Structures are given as structure tokens and as C-alpha cells.
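Q: Going line by line, the protein sequences match chains A and B.
Following my numbering, the numbering of the first sequence begins with -17 at its first residue and continues without gaps.
Following my numbering, the numbering of the second sequence begins with 141 at its first residue and continues without gaps.
No wet-lab data here; the hints were simulated from the structure.
Don't take each hint at face value.
[To be verified] Pairs of lysine to aspartate or glutamate, DMTMM-like flavour, derived with a Cα cap of 25 Å: (1) Lys0/A with Asp161/B; (2) Lys20/A with Asp167/A; (3) Lys0/A with Asp30/A; (4) Lys20/A with Asp164/B; (5) Lys20/A with Asp161/B; (6) Lys0/A with Glu14/A; (7) Lys0/A with Asp11/A; (8) Lys0/A with Asp12/A; (9) Lys20/A with Glu8/A.
[Claimed, not checked] Which residues of chain B face chain A? A partial, calculated answer using Cβ under 8 Å: (10) Met163; (11) Asn181; (12) Gly182; (13) Gln207.
[Stated by the list, open to error] Derived Cβ-Cβ restraints for the label pairs, each shown as a range: (14) Asn205/B with Ser2/A: 50 to 60 Å; (15) Glu14/A with Ala180/B: 33 to 43 Å; (16) Ala210/B with Thr156/A: 57 to 67 Å.
Every value quoted in this text rests on a predicted model; they were computed, and no experiment measured them.
Using N, Cα and C, we set each Cβ at its ideal position, and we do this for glycine too.
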Amino acid sequence: MRICRRTGIYYNGNGLPKFSYTGTYEVLDDGERNWRIKFLTSGTLILDRALTIDAFLVGGGGAGEAEYAFCAGGAGGKTSLSSSVAAMAGTSYAIVIGAGASSGTGGTTTAFGASSDGGANGVARSTYATGGSGGSGGAATGGASASGGSDGSDGGDGHAADESSDIPGNGQGTTTREFHESTGDLYAGGGGASRGSGEGYGGAGGGGTGGAYNTAYPQAGTANTGGGGGAQITYSSYGGARSGGSGIVVIRNHRA
Amino acid sequence: MNYAIIENGIVTNVIVGPLPDGMDGVVLGDRPVAIGDGYANGAFTRDGETVLTPAEQIAELEAQNAQLQATLTGLQQT
């Protein structure tokens, strides 16, 4: 696979499309005249010829949130798939990439008439925590550390003494892999939540790790994955919460 | 650079720039604006409070600290 990252006009005679884009993107040559384009920032796309494409969208990741004894990870952004989209030559297509949230819900990603909402933020208060819901759920804890959800699953539960006081976030319940295919790259992992000596890992697919007690700060969701932000209780000297990762749009030539 | 998209004085989306052609937005820098925040007269607000950048938060806390120190000094002198 060959990858080319740039802005401006792109052209390659090997079956790849000629187009202009005002933002940043990557072109991936999958061989046998198959291609993908990953749009990493917002911008305007103009194709030089009509194409039938598939479009995969991921919303921005939600922010983590931390309190003294409770914390919760943000959710990964939701994903959506549009198949067999007729894209016209010479038409300006707005592609909007949802930002990862520094607080609150991640931004919404839109393209080709479709949209994917951002993941919800974790909520932490003095007596409870609730993980964000979205593509994959954010973890929540007032007990042990807990990991974020992955591939559309719910977040982990830290199991506080009062079981109702930490509630993990829900995932979307369907895969968050690219083009919703079993071999696709994984996106939209939920953020982890850390308390005590264990480490609340971020969900695979860009979710931020919750950190490690008194040794490591929580991590943000990975850019262009829609991963949720991690969180660690503020009782730890490395406590706090981090932002979600930005979303992404991926298009490819339509494949049956 | 992130942008806030505003509709009727409310932040409806926060996106990664550059803005697509014909779309309006407000540059955020490191201001932690969230969807649902208010926007009027060039300022973002949440729950009636201005959304501050980290540097502005530090400056505000330092000002409050100085005011408390001055009050404490005054009490010690009386």
C-alpha cells in the first residue's frame, strides 16, 4: 500500500482519482486500481470526473472528566457508512471533520449528505461517574480502574462500593471498523478511567488511556480516530482528564 | 485550528479547520469551547460564565489570590 499525504491537487494515473482539496488528506493505493482517501481536516473537495464511492465517517471523541474520587472517560465518536454514493465532477463537496472535545461532546462529522455525531463526554461528580456514550463507550470508576469500550462495545465498570455510582457509557452496538468491514482499521475507542494502582486502558481504536496512579497522566484520544479522552481521579497527583480525538472521513471507489 | 459553528447564538458544532468554502465559523485557539455554549459579542459563555483559555484562567486565579492576600494582610493589621 502506498500512502501520499498532502493538501492541494492530487493526480496519479494508476486508476486513482484527480481532485482538489483545501484541507489535509492521505491517498492510499490499495492495488488493482482500488484506492482510498482519508480526509484528516475539514475542507472542500472537487473531483475531476464523476465517481461512485463509499464514504465512512467518524465523529469526534468526547472529553474525559475527573473528580476527587470518581472519573469517567469520553466515548468514541459514532460511525456511519454510505455506500454507492454518486459524486459528481466539478461539484464542491464540503467535508466537515468533527473536533475532539476538550470539554463536552465531540464534534459532528459530515460529508456527502451523511453525518456522524461525536461521542458524549464522561461525567464525574463527587459521588458518581458516568462514562460517555457513543461509538464505543467510555469507562467509569469509583472503584478499580476500567478500560474504554472498543469496536462498538460498552465501556468498562470500575465497580465502586455502591454499584450504582459508576455507570459505563454505551457503545453503538455495531462495529466501528472502517467501512464497517471485519478487516477495516479500527476507530472510535472509548476513553479509559483510572483509579488506584491499575491502569484504565483506552479502547482499541484511539481511546485515551486513563493514566496510571501517581506515575502517568491520562491521555487524549488519538487524532483522526474519534477516540474518547481518558481520565484519572484528581486524588492522584497525576489526575485529570483529557480531550477526545478528532474524527475522520474516508472514501474509496465503490466495491461490491 | 478548530472552529466553532454558531447558529442563533449557540455553538452547534466544533470542527477541525480549514473551513469548507462558504461556511462561517469562529477560530477557537486553545479556548475550550463546547457544543451548547453561548456566543455573543465575541465572547463564549457557559452557564453564564465566560469560557476562558488556560492562560486567562491562571490570570484570573492569580488576581483572586492577590485579592485574598491583600484582605488577609488587612485583617492581620487590624
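Q: Now look at each hint and say whether the structure bears it out.
A: So, going through the hints one by one against the coordinates:
1. Lys0/A with Asp161/B: Answer holds: Lys0/A to Asp161/B is near 19 Å, not above 25 Å.
2. Lys20/A with Asp167/A: Holds. Lys20/A to Asp167/A sits at ~12 Å (cutoff 25 Å).
3. Lys0/A with Asp30/A: holds (6 Å)
4. Lys20/A with Asp164/B: It holds: about 23 Å lies between the C-alpha atoms, which stays within 25 Å.
5. Lys20/A with Asp161/B: holds (19 Å)
6. Lys0/A with Glu14/A: OK: Lys0/A and Glu14/A at ~17 Å, within 25 Å.
7. Lys0/A with Asp11/A: holds (13 Å)
8. Lys0/A with Asp12/A: holds (16 Å)
9. Lys20/A with Glu8/A: holds (5 Å)
10. Met163: holds (6 Å)
11. Asn181: violated (22 Å)
12. Gly182: violated (20 Å)
13. Gln207: Not OK, violated: Gln207/B not within 8 Å of chain A, min 25 Å.
14. Asn205/B with Ser2/A: 50 to 60 Å: holds (53 Å)
15. Glu14/A with Ala180/B: 33 to 43 Å: The hint (33 to 43 Å, Cβ to Cβ) is violated, given that Glu14/A and Ala180/B are roughly 55 Å apart.
16. Ala210/B with Thr156/A: 57 to 67 Å: holds (59 Å)
When each numbered hint is compared with the structure, violations occur for hints 11, 12, 13 and 15.
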